[in-house]
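Residue numbers (my numbering), protein chains in the order written: chain A, 3 to 325; chain B, 3 to 325; chain C, 3 to 325; chain D, 3 to 325; chain E, 3 to 325.
Keep in mind the hints are simulated off the structure, nothing from the lab. Worth double-checking, as some hints may not be accurate.
[To be verified] In silico DMTMM-like links for lysine to aspartate or glutamate, alpha-carbon gap of 20 angstroms or less:
no.	chain 1	residue 1	chain 2	residue 2
1	E	Lys267	C	Glu263
2	C	Lys267	A	Asp177
3	B	Lys67	B	Glu98
4	A	Lys267	C	Asp153
5	D	Lys267	B	Glu263
6	B	Lys267	A	Asp177
7	C	Lys267	A	Asp149
8	A	Lys267	B	Glu263
9	E	Lys67	C	Asp154
10	D	Lys67	D	Glu98
11	A	Lys67	B	Asp153
12	C	Lys67	A	Asp264
13	E	Lys67	E	Glu42
14	B	Lys267	B	Asp177
15	E	Lys67	E	Glu98
16	E	Lys67	E	Glu118
17	A	Lys67	B	Asp46
18	D	Lys267	D	Asp154
19	C	Lys67	A	Glu263
20	C	Lys67	C	Glu42
21	C	Lys67	C	Glu49
22	D	Lys67	E	Asp149
23	D	Lys267	E	Glu263
24	B	Lys67	D	Asp240
25	E	Lys267	C	Asp264
26	B	Lys67	B	Asp46
27	B	Lys267	D	Asp264
28	D	Lys267	B	Asp177
29	B	Lys67	B	Glu49
30	E	Lys267	D	Glu263
31	E	Lys67	C	Asp153
32	D	Lys267	E	Asp33
33	C	Lys267	E	Glu42
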Amino acid sequence: MIVNCRVYEDGRRCPGEFTPETAAQASREIDAFVWIGLYEPTPDEFESVRREFSLHELAVEDAIKAHQRPKLERYGDSLFLVLKTARYVDAEEVVEFGEILLFVGARFLVAVRHGEASGLQQLRQSLEAHQEFLRLGPSAVLHAIVDWVVDDYVPVMQGVEADIEEVEEQVFSLDRANPVERIYYLKREVLAFRRATAPLLIPLMQLATQPLPHVCPEVRPYFRDVHDHLLRTNEQLDACRDLLTSVLEANLTQVSVRQNEDMRKISAWVAIAAVPTMIAGVYGMNFQHMPELSHPLGYPIVMGLIVFICVGLYVFFRRWNWL
Amino acid sequence: MIVNCRVYEDGRRCPGEFTPETAAQASREIDAFVWIGLYEPTPDEFESVRREFSLHELAVEDAIKAHQRPKLERYGDSLFLVLKTARYVDAEEVVEFGEILLFVGARFLVAVRHGEASGLQQLRQSLEAHQEFLRLGPSAVLHAIVDWVVDDYVPVMQGVEADIEEVEEQVFSLDRANPVERIYYLKREVLAFRRATAPLLIPLMQLATQPLPHVCPEVRPYFRDVHDHLLRTNEQLDACRDLLTSVLEANLTQVSVRQNEDMRKISAWVAIAAVPTMIAGVYGMNFQHMPELSHPLGYPIVMGLIVFICVGLYVFFRRWNWL
Amino acid sequence: MIVNCRVYEDGRRCPGEFTPETAAQASREIDAFVWIGLYEPTPDEFESVRREFSLHELAVEDAIKAHQRPKLERYGDSLFLVLKTARYVDAEEVVEFGEILLFVGARFLVAVRHGEASGLQQLRQSLEAHQEFLRLGPSAVLHAIVDWVVDDYVPVMQGVEADIEEVEEQVFSLDRANPVERIYYLKREVLAFRRATAPLLIPLMQLATQPLPHVCPEVRPYFRDVHDHLLRTNEQLDACRDLLTSVLEANLTQVSVRQNEDMRKISAWVAIAAVPTMIAGVYGMNFQHMPELSHPLGYPIVMGLIVFICVGLYVFFRRWNWL
Amino acid sequence: MIVNCRVYEDGRRCPGEFTPETAAQASREIDAFVWIGLYEPTPDEFESVRREFSLHELAVEDAIKAHQRPKLERYGDSLFLVLKTARYVDAEEVVEFGEILLFVGARFLVAVRHGEASGLQQLRQSLEAHQEFLRLGPSAVLHAIVDWVVDDYVPVMQGVEADIEEVEEQVFSLDRANPVERIYYLKREVLAFRRATAPLLIPLMQLATQPLPHVCPEVRPYFRDVHDHLLRTNEQLDACRDLLTSVLEANLTQVSVRQNEDMRKISAWVAIAAVPTMIAGVYGMNFQHMPELSHPLGYPIVMGLIVFICVGLYVFFRRWNWL
Amino acid sequence: MIVNCRVYEDGRRCPGEFTPETAAQASREIDAFVWIGLYEPTPDEFESVRREFSLHELAVEDAIKAHQRPKLERYGDSLFLVLKTARYVDAEEVVEFGEILLFVGARFLVAVRHGEASGLQQLRQSLEAHQEFLRLGPSAVLHAIVDWVVDDYVPVMQGVEADIEEVEEQVFSLDRANPVERIYYLKREVLAFRRATAPLLIPLMQLATQPLPHVCPEVRPYFRDVHDHLLRTNEQLDACRDLLTSVLEANLTQVSVRQNEDMRKISAWVAIAAVPTMIAGVYGMNFQHMPELSHPLGYPIVMGLIVFICVGLYVFFRRWNWL
């Protein structure tokens, strides 16, 4: 599906509706560039775009099939950048990934999106308001999209960190939760998120430092800034992974400590219960000569003794923190 | 065993049956190249091939013995590439490996296969249908085979990932499974698979970026694409290894938690059973003055008391989740 | 908030109060440089500074928003350095971070501070006392600030190490503490501290070895010295991380050992209590022919036997270290 | 002890017995090279060799003392290579190491061996049979020795892998073995083996790719082949280390699981034994009005009840897999 | 404190006592070099040395304060090398560190020592006996000191390894030791030792391979030799760290296994004790019709039965290895 197809001349949007064909033609006639946005295109839908801008067969295949690693390729004269978008679904503690594939040429930028992503509409509007930046050409649009994708990693990171803090509280709280499953699946998401973002570091570094075709030198420091934001996210992810490994082990310790506490509590009660059985056993013996048995207060005294010892043990165990 | 021996002129297959000798001669006379496929050849079977294309002694030894690491060597004028094929046997959760060894020269490609592999027949047919690609010479065939081998890693990866998901469900399910053996052997397979695929990354990078003899520059971006697919598989393998390590520890935690649950359940029943013993012990004492003993309702009242306390404890433990 | 704004000519402070505008003008007229210090400036407060020294848009954004990674950027003609300040709050065992962002040009140094930091006042005074060093220009001030920030990491490191030693004592002491939560949160702080300091290594290495604009060659060995101090802190942090991982596991072992000790202690008491019950049970049997029952000393002898066995077991268990 | 001292001219062995002195002289007169083999030489024994071939003081010291890391040094005009030989003593599951130190010059190869090693005799014979290879000079002998040492790592590796498989079976078998000590010492051997072989990778890479004095270019691909074999061994060793770490943890899980099984089994028997005690306790009470007591079938009925409940519990626990 | 101050001309020690001033003057007049040794000098003591050889301010500060990382710096015309000396205190299983800081110029070597170190006296004597080596100038002395420091790491390493072997024996012995504290503190020492030695690798590599001022080319291979010895120590340290991590986990397994053994032993005794209680309970029931009770041999038979079952259980548990 073609979402939008616009032509920009000297930083300003040319009026009128365009198809890829008319847009390509316009960009050749006047000194302008085309920005085409597609959403999960079929091979047929993409065919006219491919033809007009002579995109490379391999990149086109990737753009239609998606499920690529983030990467920057140079096919002949044009650049091909793959990005992963991320969204944190807090209810399920899952990171959902989409994909944006960008073709950049001298006079065009083609963006193919797979999966959900929000705010591209806003991005377009705010960019069209910055004529002096848009005047720098397709690489300005490239930067804007990359920046927007990488900025969207921040709330995901915050969601993950908030969940890790919740898990920490659960582990060290007194309510005997065992969040091992939650810890494990959080680690799974952290690993998946890292796999989606870390490979983007090298392409961003290339965009920031190497002279690439169609990338305006004025835009380079901006890519360096994005690279820095991504590096920060990656360092946080590494720390998260490390913390989740530690929290898994801390949780195991807590489980063991609680098991010990339970065992001691149970044992204390068993000890208290053993007292009456033992004493009653003694006075259940059938010796003919047991003076206590015939004493009129024998029974109440023994019962009192039993209660006294049991209460004494209870107090004692309480003081030892066994109960 | 010589599986096939064909000569290609300008992207088209020359008619007729060839032996290695006639094929080599034909390729020298007309501007053509030879594609020979062998399956677990004996030294004798391989001798004529070696002689015709003057292959290096060391490479020939490797091709016959197999059990090599994936690697790319340059012996004199020809290239020698070793690949591992992989197949996932889901019933036994085992990855089976085969080996393909490729010799590439200016006018020949010799492929030696060890172990099972499927679909080479189809590969040949689909490649012969792409004359414009086959016209690029032996390196086009080289790419086709490498691409096909690396693509075959994907179902293996999926099989492993599906088994990891099953194991995760087992670990966190309530049915007290202890899949530690399965986790361990999955990790073993992941390590073996990684060892079979990771060393291929450098040869592919070399094929994609370095000017190598007999590798047509037009084919290079295709190798880069294969490299990317392999990198993706490798990153997934690393994540799998990490996850299996974590799931092993999570499983240990689950085992401990269940042990604690069992201990508490057992203790609760012990506590319930201790009550009648204790009370009966008291009324088994032989004191002469125990008014309850002579009371006509003494026995039913005490029995009722016992039942009441036991049921009370049961309800209590249920509420505490000990039973 | 503008904290200070001073002009230095030939290593000596020029008398009089300056605004950023008058300072910039003065620096252009005489051969002098400006040192401006700001504390959490608003965009408006920062605007005049930005204009006078033509700072780059991206750096300005970073300086106002803060929350950057330590980094060294070169925007056009000026350098931009981000630093993290650290302070150890021993009561909560937490490392508090602040941020200092520095712009260095040919004739100015602008320092923007976020969060608490102490001693900048002193730094200014001691630096003004070293005229021969201050004469080297803005890079001398840059070094002084970086040196002061990195020196401040040392007490943080010492605080962390002291807490690790305390935790070690707790783990291996006899008072059955379970400092798992403390260990975990210490590890968290160590990771955060590392994330705040490690990225500074590369900028410092660049300042020490690469020819950068506005960095006086005489100052370079001093940066190398700072780099070395930071490297030392980083190596200590790595060791701390490693130690905390080990202490977490050692603690788990200690918890298990104590559980075993408790179990043995409990079992010993159960065994001692089982003796009277067992013996009393025997003499509670109703056989008509039990000679001991009619013996006049039967009861005291049996009671003595019970006491003897119980005391014997107690002594025995003591010797075995079960009690 | 001088084991052998031979002179080779144009790939053929010169007849006659030589001492180091006569051999050195012969090699200078005719275009020949000397191959001297020594076994744990004393400084005096080595002195004449050192003098004739003017070996460097440091290398000589290493050659006599042994206990070096594998390394390749270039002292003045000659090369000095240190290798570790390995042998697996299966009975003790221990890897025994020896050392071979090689001096290579334009017209000589001096091999000093420390510790046991087998097959050097055969190596000499098979090499003397390949005149065309021996004609390449000392570096051909160098390759032959290195190749033979590295090939000898394979059976060691196989021995270790076989023992790991045995340990895996023990861990996951039902016979309650606890092979923790064996796992640990296997890991120790794997680490020691790795330390003995991994440092050799860089020297082999240098021999395969860098132009070194006295190393014939024709021999280089052969070193590359050896490098590849060593790399394979090293990757296997890394996998072994990883597996042993996992098997150690799997074993801990198994120990915990078995502890739980034991605890449940014990508890089930305790529960079965508690029933008669409890019921007998009830009928041991001394109430005057207990109609069952006077019933003529009371005793057999109660005994039957006890047996019935115990058997029922037994069946029940069996079905739950507690017994 | 100035420990010694000597002047060497052409490898021979010049007679007479020197102060730093007279020594510096002497070295300028004749072609000689000065070797000054200081022990924990105060700033005043060091001042004259600094002035005579114009040492750099930063290096001087380091030399007086000590507590530096091992490093090699080049300040202006002179080299500055920091080394850590190590000594193993076997009684406390602690590595004690000292520090040696070396300034090397064209005609001087200044050595500043902090902390204990033995044998420097001997080093001086043995070096003065090797005139031909001492003739190479200050770098010969530099090598001698570095070599002596690095050689001193070997006994430390051996001490650590011996203690690890002791710990291994403890872990796998039958005497139920729990050496977790010892393992932990050994790991601490290993990490500290590694931190003291590993940073020296790069300076040594620089001394061995790079053309540095005042380092005589003839001395370079000797530094390479020292580098190799240090590398060996470092690889052993890495292995030690790995082993200690594994032994910590193996110890945890042993603790668990022993806990299980204790639990089974306890349970077996509980089972044996339950038998008399159970049987006695049955014959303590008050049924009127219990034929066994009136049997004259009832009591001895039942007692015999109890003893028989208890002994039987004991034998049974012994055979099962529970007792």
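Each hint tested on the structure:
no. : hint                 : verdict
1   : Lys267/E to Glu263/C : holds, 14 angstroms
2   : Lys267/C to Asp177/A : violated, 27 angstroms
3   : Lys67/B to Glu98/B   : holds, 18 angstroms
4   : Lys267/A to Asp153/C : violated, 51 angstroms
5   : Lys267/D to Glu263/B : holds, 15 angstroms
6   : Lys267/B to Asp177/A : holds, 19 angstroms
7   : Lys267/C to Asp149/A : violated, 64 angstroms
8   : Lys267/A to Glu263/B : holds, 14 angstroms
9   : Lys67/E to Asp154/C  : holds, 17 angstroms
10  : Lys67/D to Glu98/D   : holds, 18 angstroms
11  : Lys67/A to Asp153/B  : holds, 14 angstroms
12  : Lys67/C to Asp264/A  : violated, 51 angstroms
13  : Lys67/E to Glu42/E   : holds, 9 angstroms
14  : Lys267/B to Asp177/B : holds, 16 angstroms
15  : Lys67/E to Glu98/E   : holds, 18 angstroms
16  : Lys67/E to Glu118/E  : holds, 16 angstroms
17  : Lys67/A to Asp46/B   : violated, 46 angstroms
18  : Lys267/D to Asp154/D : violated, 50 angstroms
19  : Lys67/C to Glu263/A  : violated, 49 angstroms
20  : Lys67/C to Glu42/C   : holds, 9 angstroms
21  : Lys67/C to Glu49/C   : holds, 14 angstroms
22  : Lys67/D to Asp149/E  : holds, 17 angstroms
23  : Lys267/D to Glu263/E : holds, 14 angstroms
24  : Lys67/B to Asp240/D  : violated, 24 angstroms
25  : Lys267/E to Asp264/C : holds, 15 angstroms
26  : Lys67/B to Asp46/B   : holds, 13 angstroms
27  : Lys267/B to Asp264/D : holds, 15 angstroms
28  : Lys267/D to Asp177/B : holds, 19 angstroms
29  : Lys67/B to Glu49/B   : holds, 14 angstroms
30  : Lys267/E to Glu263/D : holds, 15 angstroms
31  : Lys67/E to Asp153/C  : holds, 14 angstroms
32  : Lys267/D to Asp33/E  : violated, 89 angstroms
33  : Lys267/C to Glu42/E  : violated, 55 angstroms
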